[in-house]
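S.K.: Top line first, the protein sequences correspond to chains A and B.
First residue of the first sequence: 1, per my numbering; consecutive thereafter.
First residue of the second sequence: 1001, per my numbering; consecutive thereafter.
Hints are computed from structural coordinates only; laboratory data are not their basis.
All values reported here derive from a predicted model rather than from experimental measurement.
All C-beta atoms in this analysis are idealised placements derived from N, C-alpha and C, irrespective of residue type, glycine included.
Errors might be hidden in some of the hints.
Claimed, not checked - To be clear about the criterion: a stretch of chain A counts as covered by chain B if any three or more of its residues have a C-beta under 8 Å from a C-beta of chain B, and this derived list gives those stretches: (1) 14-20; (2) 40-53; (3) 131-138; (4) 151-159.
Claimed, not checked - Examples of chain A residues lying across from chain B (beta carbon under 8 Å, computed): (5) LEU8; (6) VAL11; (7) VAL24; (8) ALA26; (9) MET29; (10) PHE32; (11) THR33; (12) SER36; (13) PRO61; (14) LEU63; (15) TYR65; (16) PRO126; (17) VAL127.
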Amino acid sequence: MSTTAGALADVGRGIVERDRDRGVLAVWMVIFTESSLFIALFSAYFLLGNDKQRWTINEPPKLGYALALLVILVASSFVLHWGEKQVKKGKYLKARVIMAVTFVMGLIFLGLQSYEYLDHWRHLDPVSNSYGSIFYTITTFHAAHVIVGLLVILFVLFLPHNSDSPDSPYRPYHVASLYWHFVDVVWIFVVLILYVIPNGMIYAH
Amino acid sequence: MSTATVEQRLTEIWETPKGLWGWLTTVDHKELGKRYIFTAIVVLLVGGVEALIMRLQLAQPHESLLTPEMYDQIFTMHGMTMIFWYASPILTGFSVFLIPLLIGARDMAYPRLNAFTYWSYLASAILLYVAPCMGQAPHAGWFAYTPYTLSQFSPARGMDFYVFSLIFLTISTTGGAINFITTILRHRAPGMSISKMPLLCYSTGTISVAVLFSLPALTADCVFLYLDRHWGTHFFTLAGGGVELMWQQLFWFFGHPWVYIIFIPALGMISMMVPTFARRPIVGYPYIAIATVLTGVVGFSVWLHHMFAVGMSDMVMSFFSAGSMLVSIFTIIQIFAWVATFWKGKIVLTTSMLYVLGGIVTLVIGGLSGVYTGIIPVDWQVHDTYFVVAHIHYVLMGGNVFPVFAGIYYWFPKMTGKMLNEKAGKWSFWISFIGFNVGFFPMHLLGFAGMPRRIYTYVAATGQGPMNMFVTVGAFVFGIGILISILNFLICMKKGKIAGKNPWNASTLEWDTDSPPAPYATVHIPTVVSRDPLWDDHDESYDPDDIRIYDNGRQTLSTTWIDAEPFAIAQMPSESFAPLLLAITLFVFFIALTFDLMWLALSFFVVSFFVCCYWMWQRPEPEPKPHPKEYAS
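Working from the sequences, and respecting the hints, build out all of it.
M.R.: Put into structure tokens, the structure is as follows:
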């Protein structure tokens, strides 16, 4: 080895900064493994539909609700991202208010989805057939993730210090918003796979 | 500042408080690693007793020790116990204990998560074993094929225990994987670039990624099964448009990577021991590292070889047959590297080394019978026979049990400060090795002769009686061999010879700490310049200006993931009751789901949210200050 012992005497000198991104890494890995969960669910959706002549084509779920829900959720993601920018600028109170707005938007999402369920339930329920089973399972899994995301937001909302200062070893606001964006992205895939494609297939036939 | 005060101060910072409270709240990876190993060995003994009961039932034709239903429950519990609650957690235990020491960190990246994964592992094991106490254990084999597991054929609660104890264990395993990945990629000692890190880090890192990607398939599968059983959905029922084979697809998508998850880290442990006992650096380090990672990757394209007999297109089966052949090459690369290390080195035949050699021989036999079963026509011939039973046991003994015992003989001095008795160890090895081969080799022949697996008895006319008696005797001899080692552990924990820092004169960083290691591991975070830090000229703890002591609260270094250059100081959390509390809450949550107590489950979901809040609530911590010496220089 060319490195002599003396050359390594200085290793670590001057390093006083705190490691703030350790927790963020864990959240990325949670997102990775949860994505795998949704990949498994979507695989089940395709596998169940694989040998069927009329997989969802007769009565695809209504696109209108899904798109309205999509708009709400994507908008809430942008709102939360705006809030995170306020944290970086040091406007903590404003960031907190924005987070509360996101929370309300999430609640609206859940309310509207319940309304969609009530409407949809008249034609289809989870025990009618395998399509109903997987449709309600995927959307309910997503709703469960929305609820978890809302709980995380609620926690950060009441946290005494959600500052993003270099002194803090934690980045709670960032973590909450990362998870929320993930929930948002999953919904985009849900809309594409469960709503848009089956509705498009109608025109294809 | 004299050295004595530094040590006292670091001990004060890192030590777990004495007494019951300290025992319940500890986040020390050394303590948790030992607990993992202890618990997993208890689980191993329970699973072993189940195996011996089965062998008694099968010793002769027409025996009636067990009813068919009891036999089904016992073989299922044996499989689940060994594959899920022993094989993976014991390797997690070794990695939890060793990896921070190996890479010169003072704890895992997320110490409280580490405590939580241990407690939830323990709680899930308890949840699983509530089932046989009620006489309603799962009874459909460890892979629980539908439709037999649906409620009309399995009305008892056994399969619900299966579903929820596995989902619970999945949470624990996923948490562990996240912890390993961050620890390995972020807290390696300065200078330990990715091409210099110990091979155990490669194997544990690889399987951790595999865990994150594969376990959700099992979770989804278990959720589907639960919904079908309790809510009348149609995932697996043909009548409602379900697909029965979907269970197998999702299960094996998880299941085959799981096979690698439960033996790759053990191969990593072998790669740690081989250089020590061959007295030279390992041959082909980069090849072993790459082969390890590739096993993890290609391990995702072989799962259908468990399903060759269900009827699929030739094209699909050929692809998965080829994948299965390909993956064996990566294991062979590692085996050749070890053999080459022996060839070039000078072998020291300790007990640990005997277990390593026994493990390699057993693994090669199991690997070869694996190549047999990867060939589609042969697979059809031996499918669901004792040949497969022999194969899985050769792979898991060679790829898990023997390396684990080698690992215990090797690292016991580090964990307890005491040496194990070598003479008893060698007796234990030879008895268990001979007993194992006597017990399991004839199973290949029984399989060729057509004896199906999972039958509770057989008729005398098959002529398989004598061979089965032979197998039973072998199994008991094997059990005696294992027991000798267990007694050896128990006795030497108290009465063994004092080990000293580095009894094997090994090369990796864990041997640079005291035996057992001090709570803070080393006074100075070490620096590393080669793959065998203790065999080179560089002094790992050379730190004339006391820069890398970090005695300002629980701190360790964060380094970049490729070059391991330090960039920040990581503040580590202190003891907490929250991890245990969360494990208990989840235990109640899952047991409520098992018994259909939905309101109880819902309320404990809410409780677990508040426990998480208590866990994550930020308490004031000391302001980070540069070390006083830095001002002086």
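S.K.: Give me the numbers of the hints this structure contradicts, sorted from smallest to largest.
M.R.: When the structure is compared with the hints, numbers 7, 13, 14, 15 turn out to be violated.
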